[in-house]
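Visitor: Sequence:
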Amino acid sequence: MQTRILGKTELELTTLGLGTWAIGGPWEYGWGPQDEDDSIRTIIAAIDGGINWIDTAPIYGCGHSEQIVGKAVRNFCDKPLIATKCGLAWNTKREKVNCLDAASILRECDDSLRRLKVETIDLYQMHWPQPDEQIEEAWAAMAKCVRQGKVRYLGASNVTVAHLERLAKVHPVAAIQPPYSMLRREIEADVLPYCGQNGIGVVCYSPMQKGLLTGTFSKERMQSLAPDDHRRNDPIFQGEKLEQNLKRVEALRRIAERHGKTVAQLAIAWTLRRPEVTSAIVGARKPEQIRQTLPAGDWTLDDETINEIETVLK
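Position one of the sequence shown corresponds to residue 6 (this note's numbering), numbered consecutively onward.
FYI, nobody ran anything at the bench for these hints, they're computed from the structure.
Be aware that a few hints might be false.
Quick list of simulated restraints, FRET-style, between CB atoms [stated by the list, open to error]: (1) Q249 to V166: 24 to 32 Å; (2) I311 to D195: 18 to 26 Å; (3) K246 to A107: 23 to 31 Å.
Straight-line distance between alpha carbons at most 27 Å, and here's what the computed DSS-like set of lysine-lysine pairs gives [stated by the list, open to error]: (4) K155 to K122; (5) K101 to K149; (6) K13 to K149; (7) K266 to K224; (8) K13 to K84; (9) K76 to K101; (10) K76 to K98; (11) K224 to K319; (12) K84 to K291; (13) K319 to K291; (14) K266 to K291; (15) K266 to K252.
Just so it is clear, CB atoms sit at the ideal spot from N, CA and C, and this is done for glycine as well.
Make the full structure from the sequences, and use the hints.
Guide: What follows is the structure, encoded as structure tokens:
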């Protein structure tokens with residue numbers, strides 16, 4: 006699989022990274038029940054398929070995702086690069102709590118190292134910049150983790166250019182992790198250009214828009230989602246918006262099929278067309294799901310195909 010250097014770091018990432026949000030299982034923003042054996046086999050399939058890095062977070066399943074990742078990769082001699090996050094804790098009801106105070110960040114780092122069973126986290130990311138007034142405090146604590154040898158590089162997820170300018174005054178920003186897909190393009194306006202100009206890596210999440218751009222999602226599938234699947238409350242999966250997006254998917258399917266590819270592969274390759282994007286994070290719950298996305302990592306879209314897609318998305 007193709008690789009790209011993450012910003013100004015020494016990390017060489019495959020163009021696809023494995024996302025483990027759904028692998029965390031049930032929690033406030035989970036994807037419903039998840040079989041642990043399926044999760045481990047999915048991680049192994051991703052590594053065997055050429056993916057060299059995994060993205061996780063403590064909040065995914067309230068620690069469970071990190072534990073599964075640690076369990077799955079422990080027997081690999083050539084272990085994948087690990088990216089995890091901080092800044093979202095949880096209460097006794099397993100509800101997320103934004104927490105950016107220094108003591109919490111330092112504790113989270115140690116907890117993540119323990120759950121992942123690693124000595125160093127390759128990319129440590131602030132999950133959400135909230136509360137806003139504490140982002141410098143959190144970033145300074147994360148920088149301390151770098152100095153202590155617990156973390157190699159720092160990243161920030163879901164941030165604006167204004168956030169990045171503030172963080173850079175405390176410690177270099179190696180990478181950002183924004184949402185980016187055919188149906189969610191806000192970062193094209195200023196965030197992507199800023200990262201390109203400043204040598205900041207970009208690893209984007211939800212390139213398949215939480216499954217909507219896989220080509221397998223339908224209104225019937227929506228009705229069958231688990232009661233605790235967070236997509237039941239996501240506006241993009243509701244009413245007229247869902248209807249409109251499913252029509253777009255059918256048009257995208259025709260483009261993909263002409264290339265012998267799937268809608269999911271087209272959606273992922275589309276995010277990788279931007280030179281600022283280092284890698285796309287693809288989520289999977291079963292081995293066959295990750296195997297089906299692998300061809301996207303080596304597919305470079307031509308200008309004609311990109312223009313066709315733009316016409317569909319207007």
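Visitor: All hints, please: hold or fail.
Guide: Results for each hint:
no.: 1; hint: Q249 to V166: 24 to 32 Å; verdict: holds, 30 Å
no.: 2; hint: I311 to D195: 18 to 26 Å; verdict: holds, 21 Å
no.: 3; hint: K246 to A107: 23 to 31 Å; verdict: violated, 40 Å
no.: 4; hint: K155 to K122; verdict: holds, 12 Å
no.: 5; hint: K101 to K149; verdict: holds, 24 Å
no.: 6; hint: K13 to K149; verdict: holds, 20 Å
no.: 7; hint: K266 to K224; verdict: holds, 23 Å
no.: 8; hint: K13 to K84; verdict: holds, 22 Å
no.: 9; hint: K76 to K101; verdict: holds, 24 Å
no.: 10; hint: K76 to K98; verdict: holds, 25 Å
no.: 11; hint: K224 to K319; verdict: holds, 22 Å
no.: 12; hint: K84 to K291; verdict: holds, 20 Å
no.: 13; hint: K319 to K291; verdict: violated, 33 Å
no.: 14; hint: K266 to K291; verdict: holds, 20 Å
no.: 15; hint: K266 to K252; verdict: holds, 18 Å
This entry does not satisfy hints 3 and 13, going by the numbered hints stated previously.
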